[in-house]
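Each of the two chains sits in its own frame; use the hints to bring them together as a complex.
Top line first, the protein sequences correspond to chains D and E.
Counting from 1, position 61 in the first sequence corresponds to residue 626 in my numbering; the numbering is continuous, with no gaps.
Counting from 1, position 403 in the second sequence corresponds to residue 436 in my numbering; the numbering is continuous, with no gaps.
Be aware that one or more of the hints could be misleading.
Label-pair ranges, simulated between beta-carbon atoms [what the hints assert, rightly or not]:
id : chain 1 : residue 1 : chain 2 : residue 2 : range
1  : D       : 614       : E       : 167       : 52 to 62 Å
2  : E       : 148       : D       : 569       : 29 to 39 Å
3  : E       : 59        : D       : 590       : 30 to 40 Å
4  : D       : 614       : E       : 225       : 58 to 68 Å
5  : E       : 130       : D       : 623       : 34 to 44 Å
SDA-like mimics (lysine to any residue), calculated; alpha carbons at most 25 Å apart, straight line [claimed, not checked]:
id : chain 1 : residue 1 : chain 2 : residue 2
6  : E       : 266       : D       : 598
7  : E       : 145       : D       : 592
8  : E       : 145       : D       : 569
9  : E       : 145       : D       : 610
If you only want the chain D side, here are some residues facing chain E, beta carbon under 7 Å, derived [stated by the list, open to error]:
id : residue
10 : 585
11 : 588
12 : 613
FYI, nobody ran anything at the bench for these hints, they're computed from the structure.
Backbone N, C-alpha and C define an ideal beta-carbon position, used for all residues, glycine too.
Chain by chain, the residues:
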Amino acid sequence: MPSHEIFVLAIDTERCIGGGQCELMEPEMFEVDADTGIATVIGDGKMAQLRAEGLMDRCPGQAIIRVDADDGADD
Amino acid sequence: MSPSPAVADAATSVTDAQLYLDGIPHERFAAMRATDGLTWHPYGDNGFWAVTRHADVRTVSRAPEVFSSAIGHTNLWDLEADALEARRSLIDTDAPDHTRLRRIVAAAFSPKSIRAWEHTVRAVAAELLDEFIARGGGDWVELVAAPLPIRVILDMLGVPLADADYLVELSNYLVEGTGDTQSIPPDAFGNTTDLRLLPFNSPASHAIFEYGERLRAERRAEPREDLVTHLVKAELEGERMTEAEYRQLFHILVFAGNETTRTALSHGALALADNRNVWAGAIADQSRIEPLTEEVLRWSTPVLHMRRTAATDTELAGTPIAAGDKVVMWYASANRDEAVFADPQRFDPDRADNAQFAFGGGGPHFCLGAFLARLEISVLLEEMAVRNLTLEQTTDVVRAPSNFVHGILSVGLQPGGGH
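Extracted from the complex, chain E is given alone in its bound form (with noise of 0.2 Å):
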């Protein structure tokens, strides 16, 4: 530990999950952005360094030498060897596993390849807002945020439409697990897996096992033109991937796929709702959609934090760090970050340089569905906008109780109310 670190007690604390039913602790960010080095934050039998500055973030982000993503686990909690063993995905690699699993998925996820998918994302964001107006509003959650994206990567994927519910709701499950409660039990869904060895310790990660495996069954027999084909031809390769790496590969694109842009989708509308001048002026002017799209990003920080592990002996902002501490990196507070992005809490897209983390602080794990995320916020705005829709909020907001995901369970919006 270094000479007299700051250390996080109950009233500085970040990690308890109710405390984010009330939103992000900002203040609490805030204040130790503003503390001199790293502070120490406590978390079970240990704790782990809060890296919180914008800048202290990029450096983590870009030194995964030093920080890194397989010795111990990218979430706040340990896990025993072989339940490390058993959950590790792309995310919890280190190179060389990390560039072979993600060079197997990365050009289907490249911006060209991604740019082919627009008319399918227009097309669903048109049916989706249609049938929002239609009916007077509603949860826009329910009705737009979560089937847009589990719509588009599903079919990416090759998974039939029908079943686009059925995966929603395993990846509510999930949220859960990141939680303190979950509302099903461990046999849920058939399970037979002690919960420690599967994501989130929940059973609907075997539940998405499950289904990746009878897809993969499918694809096997008759191949087709999506991903999960392209994921059996690279494990037939067998030097490729595994059958392990290939479902955990699969459970990361359903989940990440739709839990992580339904958060974007659902405080940027909120955001647009209570920000009626700015979204006149994108309706106005749709060039203005682009930098709108990054704000939402900024905005929304949908994964509020990643964990690392230091494999050496390494000093982050003049605070020492012991190989194996604990390091996590807080993009809800880079997101934030006075020293970066002025006026920080306002919705403003007009900030010159918008180097907004949602999609983490580059280097190796930047996020693999950035440019997917980023078409499909874009193209809903411009639907939106060429409908006119303005939004006025009719409910209160219903977040997860999640130190982990930035998610919202339900809000009730309704189109209206003018500029």
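This is chain D alone, in the form it adopts within the complex (with noise of 0.2 Å):
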């Protein structure tokens, strides 16, 4: 069975880098700010599973996570 699962995501604020991976990858989700330099989730922070631990994975200060309860694994 294929997986549509969604993650929500968020930023990990002690470990975010302001590396930009995310705002490159998902640019209507991420944006790292101006004044703080850490970026931050832009709207639900919703995505589907596969394209969210693509950019998880590219993430240089291993600073996205998510925050969805965990038994969100049951659709």
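Structure (structure tokens):
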């Protein structure tokens, strides 16, 4: 069964270095804040699993985290 | 040390700067990649673990808690404690210092911010190419590859264009500092600082610091909309950056902002001269400029290596590593790893997934200027394509004698030669 799980993503503000990879890959959802240099989520942070995992892997600060409840695997 | 690790000797060493006058010693790296585990590479009084495979470079890059940038130094040689502190920059820090410093400049180099510089990059590229064509060619480094990135980074910083040549000259001396010989005396530029306390042991670093100090004073008195003003504000907020951190950051922006992309643009141009069909294809279909840019990055690998120091006992590729051991990631090797890149010694922009490590192997030290470098390369290629500019090599390549940067000091190119 194909997985179309939806992840809800957020930024770990301790780890984020403002590397901008998320802004490059998902400009509609992420932006490096001009004042803090920390990436922020624009909107609801929802993203399909495969895409989200690729994004999380590419984050240089390993700062993109999943914040939906861990029972989110039930669909 | 591991149970009998492979050990490099004179015939397989990759650190002699003179070797690089003939280019990267690819066959030596290939032999190390093919050897099980990591190779112990003697260097100075001790040595380092040579990390040469793409997968292993990735592992080291992404585990800063284990492979520290702050404990030792990120170059091959060791520094005394006072020198390490005096020279500490964004590159030689771990979290939380690294995170704090990186965030100060992060937004200025984000993809969206960098896109705003496209017009500037295009105008500079157009001017330099038109001049190159009008002259019928010449030294590509001097005419195109060096001035493009330095003019852009100086514009970002707020440095007057009139000083571009001076800062390029200083950068060239810094590159010398990574090799065996320096052509300027220790007291050049009025330097009185002990050279071992200066980045690249170079009096040119003193000159860049002085330049940065002057600019800082000017922007304090009269703020503008530029990066130095932004840095001054961060410094004034006290907790975000010290004066010494400002100095080092300015130094990095000047050096890395021009030396590295210059190298990519030089190797890239040579690759186009040597692979006419590839370039003809990109001229005919500009959607191929993006993958071509990634291949130029892989091919050029402007920074050949970075070093880490093991913070704890650990293990990599089956080789035990002791706390305090030096671990050196050879991007020059990872970018030619046959396990990742089919036919790696071929310049081929049609690679399906070009996982090049020209900006490092991921992790928090991922190149700050990555998006700017990509923009500069791709815009230059686009402007060459619209001019239907093909290149022909007219003089031998003169390479930098350095095991750290893959520099080209000069190479004669001329327009033409057809496709």
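Status of the hints after comparison with the structure:
no.: 1; hint: D/614 - E/167: 52 to 62 Å; in the structure: holds, 55 Å
no.: 2; hint: E/148 - D/569: 29 to 39 Å; in the structure: holds, 32 Å
no.: 3; hint: E/59 - D/590: 30 to 40 Å; in the structure: holds, 32 Å
no.: 4; hint: D/614 - E/225: 58 to 68 Å; in the structure: holds, 60 Å
no.: 5; hint: E/130 - D/623: 34 to 44 Å; in the structure: violated, 24 Å
no.: 6; hint: E/266 - D/598; in the structure: holds, 16 Å
no.: 7; hint: E/145 - D/592; in the structure: holds, 8 Å
no.: 8; hint: E/145 - D/569; in the structure: violated, 30 Å
no.: 9; hint: E/145 - D/610; in the structure: holds, 19 Å
no.: 10; hint: 585; in the structure: holds, 4 Å
no.: 11; hint: 588; in the structure: holds, 5 Å
no.: 12; hint: 613; in the structure: violated, 20 Å
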